[in-house]
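Taking the hints into account, I'd like the entire structure generated from these sequences.
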Amino acid sequence: YYADFISSKYEAGIWTEFQDWITQQWEFQFDIETDVQEHLCDTTLITMQFGSCTSDRIQWLLQWSYLTEEQKDFVARILEDRRRRKLIHRAAFEYVVCRFYGIILENVYDTMIAEKVLNGGLELVAYSLADISWKYLRIMMDKSLQQSFGDDILTDDKILYAITDVAYLDTIKRQQLLDASSNELLNVFGLEMEVVLAFSEIEYHGMIMNKEKWRENEKLAKPLVEEARKKLDKWFEEQ
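Position in the sequence shown (from 1) plus 52 gives the number in our numbering.
What the hints contain is simulated information worked out from the structure, not anything from laboratory work. Think of the CB as a built atom: it goes at the ideal place given N, C-alpha and C, for glycine as much as any other residue. Fair warning: there could be bad hints in the mix.
Using C-beta positions, here's what the derived DEER-type ranges look like [unchecked claim]:
#1 Ile-260 with Glu-289: 41 to 47 Å
#2 Asp-194 with Asn-262: 43 to 49 Å
#3 Arg-142 with Ser-234: 22 to 28 Å
#4 Glu-122 with Val-247: 29 to 35 Å
#5 Arg-109 with Asn-269: 48 to 54 Å
#6 Glu-270 with Leu-174: 21 to 27 Å
#7 Gln-71 with Asn-269: 51 to 57 Å
#8 Val-177 with Gln-71: 35 to 41 Å
#9 Glu-122 with Leu-284: 56 to 62 Å
Now the structure itself:
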């Protein structure tokens, strides 16, 4: 589906038009919709959304099950092209799901990771797309349809919901970069965008852990942590 977000209208698109459009995009917004499963390895990819980072504000939505193998291969090449930057919110999810479909995402800008950097990783801060869209743009996003894609049936509401996820990421990114620049965090941004791909690859493969050794280390660390806490409390009391 081809969409013009300014008018909130969409229509059935032509594959060759999408090909021509995406080939010209060297930075674009990207998102997926899936069914809901306990494990990502069991997750079904339902749609892919692509959004423009230019003034035309164009979005495309592809229903994965309707694509031919040739079309899927083309999409994979675009997403794996390191020359093209993909703006994603919570890129680890997109990375791992796409990985199970044989696609390795390259060159991402993750608006959620960027927001965590700007807030020093504080867990008390809200980092959802709806939260940061409100913070930067004062736009209220309705996420009530997030878990409704499992039947692979697209309704008007679902399509509009999905393309909204690739409508604001570029604007949010610009605001975040301004904040990062003023706080000398641009280098950290660059590092974190590479790290999110590495950790997502680890998540995809899984990691073997020696549980007994981990518990031993935990016992050894507890008194050290407690001593550090006491020193910190004492320091605050003396200030």
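These are the hints, each one checked on the structure:
1. The beta-carbon spacing between Ile-260 and Glu-289, approximately 44 Å, falls within the hinted interval of 41 to 47 Å.
2. Distance hint check for Asp-194 and Asn-262: the Cβ-Cβ separation is about 45 Å, which falls inside the suggested range of 43 to 49 Å.
3. One distance hint, 22 to 28 Å for the beta-carbon pair Arg-142 and Ser-234, holds here, with the actual separation near 25 Å.
4. The supplied range of 29 to 35 Å is met by Glu-122 and Val-247, whose beta-carbon atoms lie about 34 Å from each other.
5. With their beta carbons about 51 Å apart, Arg-109 and Asn-269 fall inside the hinted range of 48 to 54 Å.
6. For the pair Glu-270 and Leu-174, the beta carbons lie near 24 Å from each other, so the given range of 21 to 27 Å is met.
7. Under the hint 51 to 57 Å, the C-beta atoms of Gln-71 and Asn-269, about 52 Å apart, fit the expected range.
8. The hinted window of 35 to 41 Å between Val-177 and Gln-71 holds, with their beta carbons roughly 40 Å apart.
9. Taken as a hint, the range 56 to 62 Å holds for the pair Glu-122 and Leu-284, whose Cβ atoms sit roughly 60 Å apart.
Violated hints: none; the structure is consistent with every hint.
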